[in-house]
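Chemist: Same order as they appear, the protein sequences are chains A and B.
If you read the first sequence in this note's numbering, its first letter stands for residue 1, the second for the next number, and so on.
If you read the second sequence in this note's numbering, its first letter stands for residue 1001, the second for the next number, and so on.
To be clear, the hints were calculated from the coordinates, so they are not data collected in a lab.
Just to be clear, a hint being listed does not mean it is correct.
[Claimed, not checked] Distance condition first, Cα-Cα at most 27 Å in a straight line; then the derived BS3-like pairs of lysine-lysine: (1) B:LYS1280 with A:LYS287; (2) B:LYS1235 with A:LYS142; (3) B:LYS1085 with A:LYS134; (4) B:LYS1280 with A:LYS310; (5) A:LYS287 with A:LYS48; (6) B:LYS1085 with B:LYS1334; (7) B:LYS1287 with A:LYS280; (8) B:LYS1280 with A:LYS280; (9) B:LYS1280 with A:LYS142; (10) B:LYS1033 with B:LYS1287.
Predicted, not measured: the structure shown is a model, and the values here were computed from it.
Protein chains: 2
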Amino acid sequence: MRTLTTIFTYSFVLLLVACQPTEQSNNTNPETKEWSIALHGGAGAVSKDMPEERQQAYMESLEEALTIGAEILENGGSALDAIEKTVNYLEDNELYNAGKGAVFTSEGTNELDAAIMDGSNLNAGAVTGVTTVKNPISLARKVMTESRHVFFAAEGAETFADQVDVERVDPEYFYTESRYRSLQRALEREKQESSNLLETPEEKAWKYGTVGAVAKDKDGNLAAATSTGGMTNKKFGRVGDVPIIGSGTYANDQVAVSATGWGEKIMLSVSAHTLAAHYKYEGNDLKASMNYLVNEVLNPGDAGFIAVDKYGVFSMRTNTGSMFRAAIDSEGNKDVGIWED
Amino acid sequence: MRTLTTIFTYSFVLLLVACQPTEQSNNTNPETKEWSIALHGGAGAVSKDMPEERQQAYMESLEEALTIGAEILENGGSALDAIEKTVNYLEDNELYNAGKGAVFTSEGTNELDAAIMDGSNLNAGAVTGVTTVKNPISLARKVMTESRHVFFAAEGAETFADQVDVERVDPEYFYTESRYRSLQRALEREKQESSNLLETPEEKAWKYGTVGAVAKDKDGNLAAATSTGGMTNKKFGRVGDVPIIGSGTYANDQVAVSATGWGEKIMLSVSAHTLAAHYKYEGNDLKASMNYLVNEVLNPGDAGFIAVDKYGVFSMRTNTGSMFRAAIDSEGNKDVGIWED
Chain A
1 MRTLTTIFTY SFVLLLVACQ PTEQSNNTNP ETKEWSIALH GGAGAVSKDM PEERQQAYME
61 SLEEALTIGA EILENGGSAL DAIEKTVNYL EDNELYNAGK GAVFTSEGTN ELDAAIMDGS
121 NLNAGAVTGV TTVKNPISLA RKVMTESRHV FFAAEGAETF ADQVDVERVD PEYFYTESRY
181 RSLQRALERE KQESSNLLET PEEKAWKYGT VGAVAKDKDG NLAAATSTGG MTNKKFGRVG
241 DVPIIGSGTY ANDQVAVSAT GWGEKIMLSV SAHTLAAHYK YEGNDLKASM NYLVNEVLNP
301 GDAGFIAVDK YGVFSMRTNT GSMFRAAIDS EGNKDVGIWE D
Chain B
1001 MRTLTTIFTY SFVLLLVACQ PTEQSNNTNP ETKEWSIALH GGAGAVSKDM PEERQQAYME
1061 SLEEALTIGA EILENGGSAL DAIEKTVNYL EDNELYNAGK GAVFTSEGTN ELDAAIMDGS
1121 NLNAGAVTGV TTVKNPISLA RKVMTESRHV FFAAEGAETF ADQVDVERVD PEYFYTESRY
1181 RSLQRALERE KQESSNLLET PEEKAWKYGT VGAVAKDKDG NLAAATSTGG MTNKKFGRVG
1241 DVPIIGSGTY ANDQVAVSAT GWGEKIMLSV SAHTLAAHYK YEGNDLKASM NYLVNEVLNP
1301 GDAGFIAVDK YGVFSMRTNT GSMFRAAIDS EGNKDVGIWE D
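Please take these sequences and the hints and turn them into a complete structure.
Modeler: Put into structure tokens, the structure is as follows:
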């Protein structure tokens, strides 16, 4: 009888130890940060030979953008306000391919895309192909809060902008000398190539410049925002990953994610939602889910991501070589950088 | 010594039995079907008082559409061919809100959306806001195979259609008396309401008619396709869930999914990818994943879905009251119906 009891006790303990689901073992249960914010200014393959002065300009603007969001969060503001204002700053800065600094389409126009998502209620707003809206992320937020819809395109989105008092500008506003020269170079290259529609090696050239931000606020709410000018020399009203909820932008009550890089690859792997699903089912470990997305789902050179989880942990990763990025949390953990390593 | 051996043997067997991951316990390991196809003609809340003649017209067209896809698959054709031709039939049939039978926008135009995804290589194509393309699903397939991009909008998509020889028609082609009357009624209702932009109870009226198909072929490849005329009286270039990869349409090497219903709800829950993620992480049980999506992720009245998994199991579910639907597999399992129960 004693032996039988021993067997059962022993077996029971062994079961308890051995049958812990494996996902739990990765859960580091990090101390929850009061607030946290991360932002990106685009993933790509920026040369390390970038002139010192330009490097400094990027680093300073990343710091400034970060401060805007961090101050809002520190003062008890919402994650939505923090990411909108942070992205507004980046949209207004010529260095980045969003808002003012948007790249040119093949027709010499600027068509902007943006999306924002509120993780607290799973609502979202998105716009594509707008040509006269100064801050597309602010229009996306109005689509989320002031319409019954999620996603508006082109002229329709601009008609809506007028109804909700979002600032419109003359398309000339988006003219910048350097972006225009980029288009001319792209068109020149195109002339010299055979005129097929399939992928060309030059695609690497446009993997820069989308901007985005993700945050967790003191109320525990998460939010994500992404804004872009798309790709230089884009055609056929091409829509990228940015305004696609679940691909370039996604937030729920567990994670907030914003993507940058090769839009088609990000879309086909439903990247932001893939991270969220992995996080949910595989143990609430943001770093592990980010590694899975960047190393196993996507291929080297495809994309970069920023994310914040419900604990206020932030993560920023790219497999493209570089990603303009910055993050900070309420405990002073901070990271600002450009290159992958 | 003998007792110790017994303890270890006993414990080991107990561990083997008890530590099977719970996801396996739901896995019915169904016999794999050679091929399988499911299609829908829209989810909504069709009255059971529908005239007998109209009911018969729907049932006959569902059978005909199903036969087209089933014959292709039985003859060894690809899942992509089967779903494209099936959806083409539904696009050409006035009964459904896609192609010929597309509903009208608030401006009295017809703007069509479509997407297709090849689960074997995770490639996809999508179009939104096309007004002159007879079969938008065929254009979406060309976007997938003949361009370096995934998603084209409006006039740009139509310029691309000309380059890849996809048939365009005069916008008049999409004029149907019944859809035009629907728009007039919607505009009339709108005049009588306060003119805010937020949700109105009339939304239920447009939850009909998107079409879609999913299939597994003899080579084991999965594919999904969805095509729609959107919602009656839509404004601001509204884009719904249909062309959003991961929301209205998704396929990988495990499942293929097509959605229909309240587009915004389908988008905000990234529905098709949510089903795929649940299937992947929670035990490869299509019925369980479909129940999770329809009962736990979405709310009653939101949407319906069709799906096929890697075993050739099909599933069709709606929480709206009705969904025009049909499915068949290589073993003769078949389901054709309209109402939820």
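Chemist: Next step is simple, just say for each hint if it's right about the structure.
Modeler: Status of each hint after checking the structure:
1. B:LYS1280 with A:LYS287: Holds, at about 21 Å.
2. B:LYS1235 with A:LYS142: It holds: about 15 Å lies between the C-alpha atoms, which stays within 27 Å.
3. B:LYS1085 with A:LYS134: Violated - the C-alpha atoms of LYS134 of chain A and LYS1085 of chain B are around 43 Å apart, more than 27 Å.
4. B:LYS1280 with A:LYS310: The given pair, whose Cα atoms are some 23 Å apart, holds under the 27 Å limit.
5. A:LYS287 with A:LYS48: holds (26 Å)
6. B:LYS1085 with B:LYS1334: holds (19 Å)
7. B:LYS1287 with A:LYS280: With a Cα-Cα distance of about 21 Å, the restraint between LYS1287 of chain B and LYS280 of chain A holds, given a limit of 27 Å.
8. B:LYS1280 with A:LYS280: Judged against 27 Å, a Cα distance of about 12 Å means the pair holds.
9. B:LYS1280 with A:LYS142: violated (35 Å)
10. B:LYS1033 with B:LYS1287: Holds, at roughly 16 Å.
Hint compliance for this structure: hints 3 and 9 are broken, all remaining hints hold.
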